[in-house]
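Protein chains in written order, with this note's numbering: chain A, 1 to 484; chain B, 1001 to 1480.
Watch out, some of these pointers could steer you wrong.
[What the hints assert, rightly or not] Covered stretches of chain A, going by a simulated chain B footprint (3 or more residues, C-beta under 8 angstroms):
#1 79-91
#2 203-213
#3 361-367
#4 392-404
Since the hints were made in silico from the structure, they are not lab data.
Glycine included, each C-beta is placed from N, C-alpha and C at the ideal position.
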Amino acid sequence: MLHNLSVGELAERLNARQISSVELTRHYLARIDRFGATLNALISLTAERALADAAQADLRLARGERGPLLGIPIIHKDIFCTDGVRTSCGSRMLDNFIAPYDATVVTRLKEAGVVMLGKANMDEFAMGSSNETSYYGPVRNPWNTRKVPGGSSGGSAAAAAARLAPLTTGTDTGGSIRQPAALTGITGVKPTYGRVSRYGMIAFASSLDQAGVFARSVADAAPALQAMAGFDARDSTSVDVPVPDYTAGLQKPLKGLKIGILREFFEGLEARNAALIHDALKVYQELGAQTLEVSLPHLPASVPTYYVVAPAECSSNLSRFDGVRYGYRCENPKDLMDLYKRSRGEGFGAEVKRRIMTGTYVLSAGYFDAYYLKAQKVRRLITDDFRAAFTQVDLLIGPTTPTPAFDIGAKIDDPVTMYLNDIYTIGANLAGLPGMSLPCGFVDGLPMGLQLIGPHFSEDRLLCAGHGYQSATDWHTRAPKGYE
Amino acid sequence: MADWEIVIGLEIHAQLATKSKIFSGSATAYGAPPNSQANLVDLAYPGVLPVLNAEAVRMAVKFGLAVGARVAHRSVFARKNYFYPDLPKGYQISQYELPIVAGGTLQIVLDDGAVKTVGITRAHLEEDAGKSLHEGLANASGIDLNRAGTPLLEIVSEPDMRSAKEAVAYMKKVHTLVRYLEICDGNMQEGSFRCDANVSVRPKGREKFGTRAEIKNLNSFRFVEKAIQYEVARQIELIDSGGSVVQETRLYDSDKHETRSMRSKEEANDYRYFPDPDLLPVELDEQFIESVRGTLPELPDQKAARFAKDFGLSPYDAGVLSASRELGAYFEATVAILGAAHAKLAANWVMGEVSSALNRDNLDISASRVSPQELSGLLLRIVDATISGKIAKEVFETMWAQQKPADAIIEASGLKQITDSGAIESVIDAVIAANPKQLADYRSGKDKLFGFFVGQVMKATGGKANPAQLNELLKAKLGS
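The shape of chain B in the complex, shown without the other chains (with noise of 0.2 angstroms):
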């Protein structure tokens, strides 16, 4: 492997999140029967015609703002010619050689930490094809027209990537943006979000691409990492054994993890793009982009650097509670109550306690069982010392079953801590008489034993007792 470098590029395909379809007025919203959001304008009936919905220009140039793009004062759609079932008009709608954005850039941090820049070449509109269905009907297909039609916005990268690791990395940044910009719902099971691999190697220096193969159609992150590593064992092999890597579109068999080939370049059809006739270039004027700059929101890195830099946090902290908008806002939220001084706190139990219970429930955290003002009600007490932060997280775990404040199972459950001096040294004191040997072990020089009679007292309050309180006075007492 290390003779190798390894070239990968992405082609995602985000779907907008409009209400309608890009060239007709079909809803587009998932899993309605078969062919019951499909009007005569996606079943390409004779002498229908395509009208644009401005929304998923509105959205497509969002994006291109907020990659640093150009967006193109003059875009043109064009058709791709070729019969497919699914394919209704016997072409797609894309845009071909003038798409809408165009030179953006995104930023990835690499495991090591380091930042790398990756070049977004375009980004352009298209409409999504139908779905073929092949269960369930004896000799026959089916043909799903809902998806027909849906907007796509298909994101170019430059060949950047130098790791199934980085494209995953590129994808991950891809999809908290797009959420970010609320122009997809990044929902990957239901296909809102995929990506296509193109993966080429080459000898190490060399400046000459590999010949690449075209993974298609890959729906989770997994699958392209998954994908691409197979893909980059297939090639190296291939090559090293005295073959030779041909360009050719490939498939990606997720139950036996390899690839598998679809179709070479000699069986690639020719598209025939030419300017759709039926649909006039789309001309948007400095002003409308301006306008649509002004609606942005805070992006993922503005908000990562704002949080590293009014909260202390760590490149890495910031990053994650910046993936999505939501995680932000809830985190944020916490920390308004609690104040800024006690971010990092805040910031630990949202990473932690808070997103593995998620997790665990397989929820999202718009739909968390401990809402921001309930979580910064349990750290409060953290923070006056009122509990442990042990203790804290029985608590947590309380209010997340039973949905009670903080301060009602702190009550109820009498978890308050001791930190009344007295109460903590009688029980220091019966720890002491009741186990003689250790004390004189512990005098003796085996410092290890201070753990022991922690964790005695700590037994005897039901974890109660105030650690620093319960430290210094153990020490007090041991020593004498």
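Next up, chain A with everything else stripped away, as it sits in the complex (with noise of 0.2 angstroms):
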């Protein structure tokens, strides 16, 4: 079946002329009709659009272009812009809002030759672990659908799973990427804060904020993460490093990979998810990469840093969403204050309005050197822990979550225990660094992730890391029952 073939496999079949791009992209929208409801991973179907940009792909084929993307199709995440095209965030707050431009990532993909299909259920402004926080309800686990598939790109996370699309786009800004890969059982890219532009990408916390990739395996991340990857003038704050070659990067040994084992990210991890990891590692071992226990004192601070960060930018962020230019506005406001509350009260959910609020306090004048202040120390220390270990391995090595994906309902009214699902995530965002998440088992019959996290701008060794695990295994080629 199509949708069972590798984006390379596919690629090869399209570049062939054996199969158009407008074949395949029915191909997946039958699925999507099929299974959509269900699973609720989309929020917007481009149906129409996705056609005719297929038939612009067949075209281009057909006068001789060649490409790895050129006529795949790919869902984005709800948080891009899409010109022309609905762009909620999964908020009330923009059901209305059609965005009149491209994200830079949009474009990018768009210009590799890719095929939109839609658009992705995601938690509301990417606040949330489980993607209960959208406001077009919650998307269910294609590995059980009473479980949630992880947060906040769990649309796109579930989409992939259930092989709706072959690629989808993600952002990651506490583990929103690598969580969701983890608890659906897929691969999932978080990128070096600045690798990828940001421009476009509706901002949650500006800092941490990174967009990536979610597919089957790392060999059909890469060329989607080439093609996303490089400096943007738009975005001030993405690097202009040269973005190397990341397919024919993955075939390099990993003879002599220096690997650390994550000290914190063992402790009170349940025994049979610790295990799957240390399977994992066995097979680095095999594979001729050395491993060696490495600790990051502060990294158990992650969690409250995170929480003073991210809502603190959040907060600012958010302010633009004040029913004057676009999006939700309330009915017959008295007066300016008016507009405000009850545009701002009604149009967005309890979470994101929990973060405005502690962030707004955390920066209030007599709590901002207690909080913002001593929370930006944190995260230069854990930073600075991060570099220290990549003076002695290349590489960092640790499960993606405590556990496997929980039961919709189970934590949404207890933010503290959602937010420790971020708990081993969350390090990789607050020093910037790149991370991946791959499925390495499963636990209860629900898969579980290995987390890899690199040094700045080493993408390439992570992916070729991850190439080498999914040669040496088959966990990524499971498929969901029924969804095969």
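Make the complex out of the two chains shown on their own, each in a separate frame, by following the hints.
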């Protein structure tokens, strides 16, 4: 079946004109039609436009143009602005918002020839770890529809896991690519902060947000990341570092690679989960890598640090949603204050309001030093810990999440427990490091993720290590029942 | 009043003369139709990001160097958070803890001629907000975001001014400087140059400052003076009557000439400043700073000193003539033709006839209807005694009105001075003959009548008799 072919295999067939992009697009649209309602993975379907774009890709192919993504379908997280298409960010606030421009990520992938099928469901403004905060309702995990797919890029992860598209995009502010990738048994790559432009990606926490990609394998993710990465003059925080050829770099041998086992990630980790990570380490050892234990003493402070920094930035970033120029506006405002209060009060959901209030509080006069400044100092210490670790090892390894997917509704009323789901992923965001989650086995029939973290701009090394693992294992080839 | 000391500090907002906005590519031109110069970044659409305009940074550095300040090797943009419809992002990007310029000075000349140094605490870059429009809209307010994102340099002084006059002198000095540096057009009607004044009073001799009030958005020198005067009187009266000044923001009403409370300290916003994560710190190395220094023009004080030294002008005249780059250039072009020996004559004319004609017609020196070349053509005729100064003024008026060269006008209207002694003598003889009574009175000691005879001769010659010759000849004739 087409949906079980890799991106490389699909590109080969498209390039050989054995299949057309229109055919491929129809195939995936049919799958979305079949599974979309159950999973609630998409907020908007752009079928007509997809078929037109596919026809365009076929024209390019007919003219002799070739490319690893030319004619390949994709689903974008609904956080990326897409010209002429609703871009809701999972919020009532932007339910009526038709973006007037494309995000740089969208533009670059479009230039590479991808065909957008639709926009993926997500936690509201990317705030959540379960995709339950979406205005459009929770996304269901294809491995067990009573379970969450993780968040905030839950729709993108569920869609990729259910084979509704070979590639989906996501964003990762505190684990929002890696955690749902782990919980849905797919590969998720969060690049270095500054590697991919944030222009056109609706901001949650500007110093942490980073766009990335979901795929079923590292080899599939590589060409997508290739297209997305690189300096963008419209994002001052994007970094002008050359982008290596990720696909070409996948085959490098892992012999001699030094992998650090993150001691702090195993404290309190359930034995069955820990065993999966140790199995993965054995695979690496067999591939010739060296493993050694390293400690990042400040890492346990990453969750509280994150929950000061991210809300602080979001409280300011979300001020532009005021009911004045676009987005939700309350009915018949009495005056300006009423317009602000009711538009924001009615347009934002509970988790977004909680974070805006937390962020406003930590930036307030009298609390700024105790919270925001202190968090910045701890962030520096955590970054320094990582830097020190990378003088000893090439990559760090650990679990992506403490547990597999949990029940929908289980944690939504207990924000602190929910926040602890990101305990292993947040460190990489605070330090701006690239991270990746790979499927590494199952607990109670649900997938678990292996997390790799590398130094800044080491995506090539990370992808190579991931590909090496996937060449030696087959966890990434498992499909949820009914979606094979 | 004698018991009180007035303390004033100014925060001047100078709009930087960049072509595009500080964080977006929109144009900054004034007067365009509402919202025609606001792009997605200015409108704060979801997902857009600011990109710093390097030209704005260069201009801020120029200012810093011109006031002898430290230009920061690292400065940081921060967000100032508050809700207002003309502030699309819900925050203003400004600089807070680490401004680009810190610690400069400017010198002002007081009424008694003494020179006073005013400290400049800091100058930082920020973006302007848009404008809310309330007129002509039924039951609604309009928002024009053309100005949103326009680059501003906020120049904050130390509380060094001790009178409204000093505050105005300082503001004028900054105004002159920013135009010299070509970093601001200085147009106050259009809001390109405006200020907030922090005003307090304290009993003379006390060290501790009184509680201050901040008067917002003063956009003319006259308003600054009037608003401060009103505010000082209000504060003194308040304290004298047993009350106390509260820290607050006040608005100046230029129709009623009074200040009114806008909001008190308690109502003030908590702006929740924090470094803007969308922008990197501005890192400037010494080489860049020095390259900007290399582009600095001769500064007003330097020019005034040179005028005084090279042309023997008084400090006052030198100051007036160097008040703008264009005026200084006009004066120097005139002197270049006329010769440095006659610089004082040129100075008097530029500050006198030329300036008043410009004022009368509401023209800029660059739009003067008499060019430096034409002016020196006229002044040369005074120097070579072809015409008197008095006639020259008439000629100047004709030049201004008809835009003809001086010589042509002198020739055509026969205004050429009579320097032929014989001709003057014969007129004198005729005047003396016609006024025997006055002659007798004069000779009997009424010296004042000398002026009468001069007047009569001038009248008879149509003002063209060479005054020096006339004096000499008349004295001789009347004496004999």
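Okay, the hints, checked on the actual structure:
Requiring three or more residues with a Cβ within less than 8 angstroms of a Cβ of chain B, the coverage given for the stretch 79-91 of chain A holds, as 4 such residues are present. Coverage of the stretch 203-213 of chain A by chain B holds. Counting CB-CB distances below 8 angstroms, 4 residues qualify, and the rule asks for three or more. Here the stretch 361-367 of chain A counts 3 residues with a CB under 8 angstroms from a CB of chain B, which clears the bar of 3, and the coverage holds. With 0 residues having a beta carbon nearer than 8 angstroms to a beta carbon of chain B, the stretch 392-404 of chain A misses the requirement of three or more and the stated coverage is violated.
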